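S.K.: Residue numbers (our numbering), protein chains in the order written: chain A, 40 to 296; chain B, -14 to 337; chain C, 263 to 500; chain D, 849 to 1164.
No wet-lab data here; the hints were simulated from the structure. These numbers were taken from a predicted model, which means no experiment stands behind them. Some clues are possibly wrong.
To be verified - List time: in silico BS3-like cross-link candidates among lysine-lysine, alpha-carbon distance up to 30 angstroms:
{"#": "1", "chain 1": "A", "residue 1": "111", "chain 2": "A", "residue 2": "42"}
{"#": "2", "chain 1": "B", "residue 1": "222", "chain 2": "B", "residue 2": "12"}
{"#": "3", "chain 1": "B", "residue 1": "329", "chain 2": "A", "residue 2": "236"}
{"#": "4", "chain 1": "A", "residue 1": "256", "chain 2": "C", "residue 2": "493"}
{"#": "5", "chain 1": "B", "residue 1": "196", "chain 2": "A", "residue 2": "111"}
{"#": "6", "chain 1": "A", "residue 1": "256", "chain 2": "A", "residue 2": "235"}
{"#": "7", "chain 1": "C", "residue 1": "271", "chain 2": "A", "residue 2": "227"}
{"#": "8", "chain 1": "B", "residue 1": "322", "chain 2": "B", "residue 2": "196"}
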Amino acid sequence: MTKLLEVNNLTMEFGGVVALKEVNLHVSAGEIAALIGPNGAGKTTVFNVVTGYYQPTKGDVLLNSKSVLGLKSNKIARLGLARTFQNIRLFGDMTALENVMTGSDSRNKVGLVGSIIGTSRSRQEESLSHSRAAELLNFMGISHRSGQLARNLPYGDQRRLEIARALALEPKVLLLDEPAAGFNPQEKVELGELIKKIRDAGFAVLLIEHDMSLVMKISDRVSVLDFGQKIAEGTPSEIQNNQKVIDAYLGVVDNAS
Amino acid sequence: MSSIKIAFSKFNLRDSFGAWWENATKKQRIAFRVLLIGFFYALPFLDNPILGTPETNFQSVLFYPLAVYVAMAVGLNIVVGKSGILDLGYVAFFAIGAYTHAILGTFYGVSLWFNIILGAAFAMIAGVILGLPALRLRGDYLAIITLGFGEIVRIVALNLEITGGAAGIAGIPAPPNIFNVTFDVLDPKPHYWLMLTFIMLVVWMYIRLGKRRPGRAWEAIREDEDVAEFMGVETTKYKLWAFILGGAIGGGAGAIYSSQVASILPDYFTLNVSILVLACVVFGGMGNIWGVVAGAILLEYLPEKLRFLSETRILFFGLLMVVMMNIRPDGLFPRKKREKVYDKVTGQEISR
Amino acid sequence: MLLEINDLKVSYGKIQAIKGISLNIKAGEIVTLVGANGAGKTTLLKTISGILKPAAGVIKFDGKDIQGIAPHNRVLEGLCQAPEGRGIFPGMTVLENLEMGKYARKDWKSELSEDIERIYTLFPRLKERQSQAGGTLSGGEQQMLSIGRALMSRPRLLLLDEPSMGLAPMFIQQIFKIIREIQSQGVSILLVEQNAAQALSCANRAYILETGNIVKEGAGKDLLNDDAIKKAYLGTGA
Amino acid sequence: MDFSILWTEFFGLTLDGIVVGAIYALVSLGYTLVYGVLRLINFAHSEIFMIGTFTSLGLSIVFGFTGLEEPLGIVLFLLVFLVMALASGIVSGMSAVLLEFVAYRRLRRRGASRLSSLISAIGASFFLVEFYRLTTESKDWDFPRMLSKDPIFSISSAYFTLDKIIILLGAFGLMFGLDRIINKTRLGRGIRAVSQDEKTAILMGVNVDRVISFTFLVGGVLAGFASTFYMLFYESTKFNVGFLLGISAFTAAVLGGIGNIRGALVGSFVLGLIQQYSSVVLGYNWRDVVTFVILVFVLLFKPTGLFGEALQRARV
C-alpha cells in the first residue's frame, strides 16, 4: 500500500517543553488510521504540525513522498490534507452550502477581474462548485440543511458539515479531530458508518478520537501517543491488549496501594 | 439604557423592506431599481425646503461630502466590512488619486478620464507595496500601520515640490464636455452625476464579487482566518485583493474629487477623513453594501441639514462609534444573515 | 457535608457537557472523579470554581449556596483550584507564584513567610527554585508549584484538575504521596484524574463519569477492579 | 541631508533625545500596561495625555501665571509644579478609568471582537479630541515660562537646563515608583497575573474588573505626569497634541515589545534619540515620517519588538 502521509521523527518543542518526541506515523491509501492517547499526549499538536500551523523542531512530514515542511497551511491543504477541528470551527454566518464551497476555493482558478466580468470560465467554475457542494452535503446526509446558516445547525450536523467542508478540498488524507465528541452512542454508531463510507469513497482517514469503542470498531490501524511519544501501534485488538497502553490510560498502580 | 437598546433592536428597516423585496415580482424589482436610480440622478433638481440644505448649496453638498463619502465608504467596506481588515489610512488612497489628477491634469494636460484609471492604478500599486508586507500582521498592528501610511502620504504631499507643499495645487482642470454637459467648478451637477455613475459601477462590481469566489473567501477570512487558511484559501492573496480593490476605488474617487474642487491641499487628507469614512461603514453596517451607503448618506447629509451638527459632527461621530459598538456592534443595517434555498442537485440559489 | 452538588447541568452552547450530576464530599475526604476525556470532569471543576455558569442545579459549599458568589471571591470561602495545565504565571518567580495564592486576602502579607515555609516543607524542591521564573520549571515542578500555590490560600477544599497529566511516572507517584499528605493536614480534596489506578487507590470515595453522567459511585479501592472503569476508558471491547 | 550638524550638535541632540524619550516612556507605559491586561491598543491613551496638558495649562491660568515675565523662585516653582503634576496625574488617571468604563468594559464582558473594541477606542479618541478642539477654540495655548531655561552647566553642546534635569529626575522617579507598584503591591501583582494568565488569576481570587480599572488608573496617572513635563519642556499645547506624541509613544512601546515594561522604556529612549538625530539630518518636517517608517519596519521584521511581547499566546 502506498503511504500517502508520512511523519518521520517528528519532534516539537514549545519553549523547552517537549510536546512531541521523535514520532513516526503514516497513513496509507484506503485505510482509517487512528491516533489515540491520554489528554495532553500531543495528538492535536501532530495535526497542527502536519497542516503547517506549527514548524516542528525536528523531523519531516511527507505528503505523497514529498516534504511539505515550511509550506503555508493553504498550500498543504491544496496538496491534499484537509482537517476538522476539536471544537467546531465553521463560518457561522455563512450558509452550509457556502461553507462547503469555501473548501473548494482552491480548485478554482478564476481571478478578481474574471469574477467581476463573469467570464465563461468563472461561470463554469461557479456552477461546478455549487453542484459539488450540493453533492457533498447530500453525501453527508445534510442536504436539507444546505440553505441554513452554519451557526444555526444542530450540533451533530455542524460536525458533519465540517467534514463536508474538508472533503470539498478532495484531500488525499482527511484528518478528523475528535469527530464524535459530544455525540450520544447512537450518533457515534452513525458517525462510524459515515467515516467508513468516506474511506470507501477513496479518502484515507487519520482519526483522533477518545471514544474507544468507535476507534476499535472502525480503525484499520491504531497508534498510541503518551507524553508525546508513540508507545504502541497495531490493530485494534492488539492495542486493547497491550499492557503499555492500558498503563498509559489507567495509570500504573505503584506498591503504595 | 436597556429601553434604548430594545428600541434600537426592534428598528430594522432592512427586514421589512427585505420581506417586500423577497416577494416582489421581477417587474416590480426592475421598476424599483429604475425609480431609485432615477431619483438619485434627479436629486440636484430636487432642491426644496424638505430635502435641501438651508445654509449650504444643496447641489454642491450632493457632490461633497455626500457622493464622495458614499464612494469612499463603499470602497472601504470591501476592506473593513467584507474582509475584516481594519484600515485606518484609507485617506491615503483618496489622496493618491486626487494628486494623480492634480499633477497629471494640471501640469501635463492628461484628461480626467485617464486620470481616474491612473489614480486607481497608482492607489493599487501603493496598496500592493503596503499590503504585501503589512497584511501578514495581526489586526490591531495592521490598523496602526495603515494609520501611519495615511499620515506618511499626507506629510510627503506637504513636503514635496511637485505636490505644491502646504499650498497644494490649484487650477486643476475639469474634463472636456460630453453630450453638451459642461464640467465646471461652479456647477457641481455634472461631477455629481459622474461620481454617482462611478458609485453605481462600484456597487455593481461589489455585488457580483460578493456572490462569487472572492466574496465567499473574504467572508470566510473575516469569520476565521486560520480555518480559511486550513481550507486551502490563499488568505494573503484575498486580503491583498480586498485591500487594493478598496484602494483603487478610493483612488478613482479622489481623482474625480480633485477635478471638481479644482484645488487641493494636504490638509484635505487628514486622519479625520479616514475616521469619518470608517464611521460611515460602521454606522451603516459593516459588510452590508446598502447599509454602508445608507450610513454614509445619513452621516454626511445630517450635519449639512442640521446646521448645529456640522461644527460638532466629529464629536458626535466619535460618540456614535462608541455607542454603536456597545449597543449595535453590527451597525444600523447589519449585513444580511439570511437563510437561502438551494437546488438539491445544482446547488444554485433558488429565489423565492 | 462540605460540598454538595445537586442535579447540576452545564452546557457549552449547544453541547450539554454535564447532564445532571449529584455528588458530595465530606470534610476530610479525598473524593476522586475519574473518566475518559470529554466526560465532563474539567467542566465540573470549572463550574465549582465559578468560571462556568451552570444551566441548572445547586452547588452548596459548607451548607451555603455559592451560586451568587463571584468566582474570584470563592477563594475566600475556602475553595481553591490547581487548574488543568497548572496555570503557572510564567513571568513570575516561584516565590511570587506562591504569593499569588494568598492574593484573595487583603492582608496577604501577614503570616506570609509562615505559609511559604509550610509549602516549602511539603515541596522542598520549590525552595531550591524560589527565585526562578515559573515558566522555566519542569512539568513536575510546575505541578508542585500549582498545588502549593493553591494551598497558600489555606483552602478547606482543594480542587485538583489532572495533577498527573503529562508527568513522568516517578513524579506521578510523588504527587499522589503529597496529595495524601495534604489530606492528613485536614484539607479535603476533590481530585479529577485520568490516571484512574492512582486516583482510585488514593481516594476515599470515587465517582465514575461518562459523557456528562455519573455511571458508578463507590469506595475508591472497590472500583479499582470494576469493569465499569475499563469500559469507561477503553470501550466495550476490553 | 546634512550630517555635519549631527556631529557638532551630537551631545545636545543626545540630551534632548533622552529628555523626549523620558516623556515618551511615561506615555508608552500606559499603552503597554493596558495591552498587557486587555490585549487591546488603547487608542484613546494619547487623549488622556492631552487632557493632562490642558489640566496643567488650566492651573497655570487659575494661578494667574499667564504672561508671566519673571520666572518663579525655585522653591515656589517646585511647589507649583508639584501641584500641577499631581492635578494632571489625577485628572488623567480618572479620565482613563472612566474611558475604560464607558468604551471598553461592556464590550469586554460580552467577548466582542477586537475590531469592535478598537473601533470603540477610536470613537472615544475622536470624541475627546473634538471636545477639546471645540472648547479650546482650536488654538495653540502657551504655557508660561515659570522657570529660567538658562543652562546650569554644559557638556560639549549639551546644555543642562533646570527643566531637563527636573524631567529626567521626575521621570526616573516615576519609573522606579511604577516598578515598585507592579512588583510589590497587591493590585500590581494582580496586573501581572491577569496579563500572564487571566483564568488562573481569577482562580487565585483576582478581581479582574478592579485590576483593569487600576491598570487604566496607573497608565493615566503616568500620562498625566508626562503631560506636565511636556508642558514644561515645550511650553505649548493644542487639542491635537496627543496624536503625534501618542504615535511616538506607541511606536516606542512596539519597538520594545508591547506588553513588556522594560521594552517600553528602552524603546522610548531609542526612539527619542532617533527622532532628534534624524530631524537635523533630514529636516524637522520629515521627523514624523521617520517615526512611522520605524514603526512599519519594526512591525514587519520584528513584530514582537526588540524584547518580545511579554506573553506569547498560543492559538488553535
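S.K.: Give a verdict on every hint.
M.R.: Status of the hints after comparison with the structure:
Restraint check for residue 111 of chain A and residue 42 of chain A: the C-alpha separation of about 22 angstroms stays at or below 30 angstroms, so the hint holds. Distance restraint check for residue 222 of chain B and residue 12 of chain B: the Cα-Cα separation of roughly 39 angstroms exceeds the 30 angstroms cut-off, and the hinted pair is therefore not satisfied. Between residue 329 of chain B and residue 236 of chain A the CA atoms are separated by roughly 21 angstroms; this keeps the pair inside 30 angstroms, and the hint holds. Among the hinted pairs, residue 256 of chain A with residue 493 of chain C is consistent with the structure: their alpha-carbon atoms are about 14 angstroms apart, no more than 30 angstroms.
The straight-line distance between the Cα atoms of residue 196 of chain B and residue 111 of chain A is roughly 27 angstroms, inside the 30 angstroms bound, and the hint therefore holds. The straight-line distance between the Cα atoms of residue 256 of chain A and residue 235 of chain A is roughly 10 angstroms, inside the 30 angstroms bound, and the hint therefore holds. With a C-alpha separation of about 22 angstroms, the suggested pairing of residue 271 of chain C with residue 227 of chain A holds against the 30 angstroms cut-off. At most 30 angstroms may separate the alpha-carbon atoms for a hinted pair to count; residue 322 of chain B and residue 196 of chain B meet this at roughly 14 angstroms.
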